[in-house]
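Novice: Here's the letter readout for the chains.
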Amino acid sequence: MDTAVVSETDPDVMLFRVLRDDGTADPGVDHGMTDAVALRAYFEMRRLRALDARMILLQRQGRVGFYGAATGQEAVPIASGLALAKQDWVFPALREQSVMLVRGYPLRDYIGQVFGNAADNLKGRQPPSHQAGKAVHQVSWSPVIGPQIPQAVGAAMAMRMAKRRPHEIAVGYCGDGATSQPDFHAAMNFAGVFKAPVVIICQNNHWSISVPTAKQTASRTIAIKARAYGMPGVRVDGNDVLAVYKVLRDAFACARSGGGPTFVEAVTYRMGAHTTSDDPKLYRSDSEVEAWAKKDPIDRLRRYLEARGLMDDARDTKLEADASAEIVSIIREVEELAAPSLASMFDDVYAELPWNLREQKAALESGPRAPKH
Amino acid sequence: MPEMNMVGAINDALRHEMRKDPRVLVMGEDVGKVGGVFRVTQGLFEEFGEDRVIDTPLSEGGIIGTAIGMALYGLVPVPEIQFADFIYPAFDQIVSELAKMRYRSGGEYASKIVIRSPVGGGIRGGHYHSQSPEALFIHTAGLKVVCPSNPYDAKGLLLASIRDPDPVLFFEPKRVYRAAKGDVPEGDYTVELGKAAVTRPGKHVTVIAWGAMLYEALAAADEAAKQGVECEVLDLRTLWPVDIDAIVASVKKTGRVVVVHEAPKTCGFGAELVALINEKAFVHLEAPPIRVAGFDTPFPYSLEMEYLPLAHRILPAVLDTARF
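These protein sequence lines are chains D and E, in that order. If you're matching positions, the first sequence starts at 1 in our numbering and goes up one per residue. If you're matching positions, the second sequence starts at 1 in our numbering and goes up one per residue.
Because the hints were derived from the structure by calculation, they are not lab data. Don't take every hint at face value.
Cross-link-like lysine to aspartate or glutamate pairs, in silico, EDC-like; alpha carbons within 16 Å at most [claimed, not checked]:
1) K280(E) x E359(D)
2) K203(E) x D183(E)
3) K195(D) x E230(E)
4) K294(D) x D30(D)
Per the computed footprint, the stretches of chain E lying under chain D, defined by three or more beta-carbons under 8 Å from a beta-carbon of chain D, are [said to hold, decoys possible]:
5) 57–63
6) 89–96
Just so it is clear, the structure is predicted and the values come from calculations on it, not from any experiment. Note that the Cβ used here is the ideal one computed from N, Cα and C, for glycine as well.
Construct the complete structure from the given sequences, taking the supplied hints into account.
Specialist: This is the structure:
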């Protein structure tokens with residue numbers, strides 16, 4: 001890393017923070033987030049939280065099949081989107097799909113994926129919360145956990161060979177659970193060996209469904225794992241959007257300028273259930289959740305903006321109302337669209353339909369229809 | 001036209017395509033300076049350098065995972081898995097990522113890579129150097145699977161595989177890597193994917209084989225001919241999508257089928273072939289289709305010649321079905 005602040009961060013113990021408890025930024029850190037970017041971050045985080053809340057509600061009403069929210073973890077995806085350049089590639093895990101929204105992917109298309117119908121660019125092929133968009137260089141993740149990380153490294157290796165201008169980087173995301181997977185190790189190892197222009201970001205949200213981080217690793221921190229792969233490891237307060245922005249901007253600049261990979265552990269907390277299929281009351285205490293609620297990344301950013309005279313109740317209320325209205329309006333328009341065509345089931349398996357798929361497609365189309373869910 | 005063995009023909013194909021298409025690169029364990037443990041990539045490192053002939057860490061999951069990332073970006077990686085037996089650490093990357101990339105992204109992304117890997121037994125390799133896992137990948141929607149039996153096809157099929165828009169598993173029968181020799185044209189040509197070859201025409205029994213077992217089928221056919229049974233030997237070449245028209249045409253002619261493969265019998269590709277023949281040519285059958293395959297055991301070391309479906313086991317099956 002090329003900045004003093006990050007290089008002095010001891011990944012074994014230290015947690016890099018910018019936002020202090022009183023809402024002010026540490027004056028000793030040049031965090032580089034302008035007021036305009038801070039306001040944009042606030043808007044994006046607010047809108048993402050409203051979107052997640054609405055989608056969970058729709059799932060409870062039976063209108064959406066499944067959903068995985070990023071509630072409490074908005075700082076990393078939003079700061080990532082703000083710190084990345086247009087030409088960069090994103091390989092998210094479950095909780096970072098919204099990076100694409102910050103990078104210009106239309107909210108209507110994002111919501112369309114949740115409904116898996118004619119509004120879904122992915123043609124209803126994947127359940128909700130499995131977003132991808134080629135226009136914004138974002139690839140979809142795998143719930144097997146981890147496969148996207150070596151893919152991010154591979155894309156970065158290709159970028160290093162292609163040497164296109166402006167210089168490109170790739171970012172790969174994972175959670176604390178993924179650090180137990182062979183793909184994580186392979187990705188870190190290849191990134192280090194080939195000095196790939198990649199940043200691997202682990203959102204340590206303390207829980208992999210029901211298993212706490214202490215049962216994933218005996219390591220004192222996750223960031224320290226970077227040392228074994230010959231790259232810098234940074235441990236950052238993942239609920240501090242200024243700190244995340246600072247760390248990522250430095251790491252991205254390092255990768256972009258040929259300095260090689262960085263591993264970032266963002267310490268955060270999954271405020272909600274793992275997905276709509278999970279019940280966290282079975283494995284964690286209310287008091288733990290309440291303690292983390294006090295460190296909410298949106299509340300912390302709001303206090304910072306208030307202290308700078310950039311936010312107040314009236315503006316905040318309007319911002320949330322506008323975001324909710326936009327979301328509800330899109331849902332109303334998108335929800336009733338038609339399901340993908342029957343024949344589309346067979347498209348995109350291969351570039352062209354082989355004989356067996358031609359036969360099966362004809363049989364399906366001429367056969368009886370299945371009952372509805 | 002120079003005579004080559006399989007190793008030379010595959011090397012020639014790689015070199016040809018890497019000269020022609022700067023997106024093509026080779027990666028894998030020991031593929032660089034040493035040219036691969038079977039020397040298939042020999043000389044490529046010297047010609048194309050370390051960016052296009054990449055000696056990777058010892059990690060099949062890492063090889064295929066990073067190759068997919070490169071392919072998403074626009075390169076055409078041709079990773080080598082040193083032995084097909086070593087492919088399982090990369091299984092998730094192949095079946096859930098590589099094979100599904102176009103489908104799960106609604107056609108936005110495609111991941112075009114050709115995985116080369118030596119398959120099969122008969123080289124005193126034991127369990128970890130002899131398996132034939134083709135059925136696992138034929139079963140996986142989104143993959144194509146190729147297995148040449150001779151140098152001409154090896155070069156032509158590999159060039160076709162690299163230029164094909166879909167991901168391909170290219171299995172190389174290591175037992176005949178150097179034993180199978182033949183004339184290989186210099187320069188450019190392809191052998192179309194999805195087309196079988198009638199290696200030996202005949203009218204009594206259809207014998208379906210591929211890879212190293214093709215030679216065992218031909219040897220059995222020679223013996224059968226001495227006893228008045230004329231075999232039609234089909235070399236599938238592309239295992240998936242299989243050339244169903246060629247199979248049905250042959251079975252309509254002979255009414256009798258023997259399928260040969262090294263992999264264990266149960267749920268091997270032979271099971272699918274027999275099912276397809278039953279579906280599409282049942283009324284033309286004069287005898288139950290027979291499979292001559294590896295046994296449903298792990299691949300044994302000391303007894304590998306007994307395990308393999310060699311000519312001595314194919315011949316009685318051919319005669320039995322001819323006389324059914």
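Novice: Each hint should be assessed against the structure and marked as holding or not.
Specialist: Hints, one by one, checked against the model:
{"no.": "1", "hint": "K280(E) x E359(D)", "verdict": "holds (12 Å)"}
{"no.": "2", "hint": "K203(E) x D183(E)", "verdict": "violated (28 Å)"}
{"no.": "3", "hint": "K195(D) x E230(E)", "verdict": "violated (60 Å)"}
{"no.": "4", "hint": "K294(D) x D30(D)", "verdict": "violated (25 Å)"}
{"no.": "5", "hint": "57–63", "verdict": "holds (count 4)"}
{"no.": "6", "hint": "89–96", "verdict": "holds (count 4)"}
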